[in-house]
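Now for the letters of each chain:
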Amino acid sequence: MEEFRTKVKRRIILASGLTLVAVALGIYAVFSLQNVPDDATMSAGFISGFQFGLIMSIGILSMVTVVKLRRALNDEIKLKVLYNKEHDERLKTIRSKAGQPLLSITSVLMIIAAIIAGYFNIVVFYTLVAAVLAQLAISAGVKLVCMTKM
Amino acid sequence: MKTRIKELRKERKLSQEELALEVGTTRQTITSIEVGKYTASLVLAYKIAHYFGLTIEEVFDFSDANEF
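Protein chains in written order, with numbering that gives the first Met the number 0: chain A, 0 to 149; chain B, 0 to 67.
Okay, chain A solo, but in the shape it has when bound (with noise of 0.2 Å):
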């Protein structure tokens, strides 16, 4: 349990670093959303929306993570049932037929390139913030079925 009370106070640092970078990059994209040209399409504004958006997403995840972390890490029964909630190994099977582990990972890659092409071509854009949505939402799906047949 000292090895995993040791994760949890690095996963701890590791989001509120997050934290501080979502509210910094946030800050920043408020005032450059001031900037924006009278001629800017509709488009060059949704990507920003989107970003802004992500941002701020990953913002308040990694706040309402640290305030869940900083809870369990005071209290030994959540910090067990934090623990016994990563290993067990009903969930284990659950989110490996899912696919989670490595479609996290990909939604993550496909929307940093996504935010990349936003710059290039829209479409591209378009076509990979449909797909990681569609990605996501079919692993939700499994893992709803999953989770009510087992």
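Don't read these hints as lab results, they were simulated from the structure. Think of the CB as a built atom: it goes at the ideal place given N, C-alpha and C, for glycine as much as any other residue. Please note that the accuracy of each hint is not assured.
Derived list of chain B stretches under chain A, where covered just means 3 residues or more per stretch with a C-beta under 8 Å from a C-beta of chain A [stated by the list, open to error]:
(1) 19-28
(2) 49-60
Restricting the straight-line Cα-Cα distance to at most 25 Å, the calculated cross-link-like pairs of lysine-lysine (DSS-like) are [claimed, not checked]:
(3) B:5 <-> A:148
(4) B:5 <-> B:36
(5) B:46 <-> A:79
(6) B:9 <-> B:36
(7) A:84 <-> B:5
(8) B:9 <-> A:91
(9) B:9 <-> B:46
(10) A:8 <-> A:77
(11) A:6 <-> B:36
(12) A:77 <-> B:1
(13) A:148 <-> B:1
(14) A:84 <-> B:46
(15) B:9 <-> A:142
(16) A:8 <-> A:79
(17) B:46 <-> B:36
(18) A:84 <-> B:1
(19) B:46 <-> B:12
(20) A:67 <-> A:91
(21) A:91 <-> B:1
(22) B:12 <-> A:91
(23) A:67 <-> A:148
(24) A:8 <-> A:96
(25) A:96 <-> B:12
(26) B:46 <-> A:77
(27) A:8 <-> B:12
(28) A:148 <-> B:46
(29) A:148 <-> B:36
(30) A:79 <-> B:5
(31) B:46 <-> A:91
(32) A:148 <-> A:91
(33) A:142 <-> B:12
(34) A:84 <-> B:9
(35) B:9 <-> A:79
Using the hints, position chain B against chain A.
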């Protein structure tokens, strides 16, 4: 697979949450094992049986496993 987990829990006035915490799993997994939706691994079956001070065969019903 049929098990005696629910019965043993009731005898000891133990909740699913408490049992899950003791054997290193989640409440949902205990529920699934109790209703026969999920078959526990050998390690988890051993942990559950060991917690109740019984053997695996005394907790889990393996009669279905003999059917081919």
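Evaluated hints:
no.	hint	verdict
1	19-28	holds (count 7)
2	49-60	violated (count 0)
3	B:5 <-> A:148	20 Å, holds
4	B:5 <-> B:36	14 Å, holds
5	B:46 <-> A:79	16 Å, holds
6	B:9 <-> B:36	20 Å, holds
7	A:84 <-> B:5	21 Å, holds
8	B:9 <-> A:91	28 Å, violated
9	B:9 <-> B:46	18 Å, holds
10	A:8 <-> A:77	14 Å, holds
11	A:6 <-> B:36	32 Å, violated
12	A:77 <-> B:1	30 Å, violated
13	A:148 <-> B:1	16 Å, holds
14	A:84 <-> B:46	16 Å, holds
15	B:9 <-> A:142	31 Å, violated
16	A:8 <-> A:79	14 Å, holds
17	B:46 <-> B:36	19 Å, holds
18	A:84 <-> B:1	24 Å, holds
19	B:46 <-> B:12	18 Å, holds
20	A:67 <-> A:91	21 Å, holds
21	A:91 <-> B:1	22 Å, holds
22	B:12 <-> A:91	29 Å, violated
23	A:67 <-> A:148	29 Å, violated
24	A:8 <-> A:96	29 Å, violated
25	A:96 <-> B:12	35 Å, violated
26	B:46 <-> A:77	21 Å, holds
27	A:8 <-> B:12	35 Å, violated
28	A:148 <-> B:46	23 Å, holds
29	A:148 <-> B:36	7 Å, holds
30	A:79 <-> B:5	22 Å, holds
31	B:46 <-> A:91	18 Å, holds
32	A:148 <-> A:91	14 Å, holds
33	A:142 <-> B:12	32 Å, violated
34	A:84 <-> B:9	24 Å, holds
35	B:9 <-> A:79	23 Å, holds
Hints 2, 8, 11, 12, 15, 22, 23, 24, 25, 27 and 33 from the list above are not met by this structure, while the remaining hints are.
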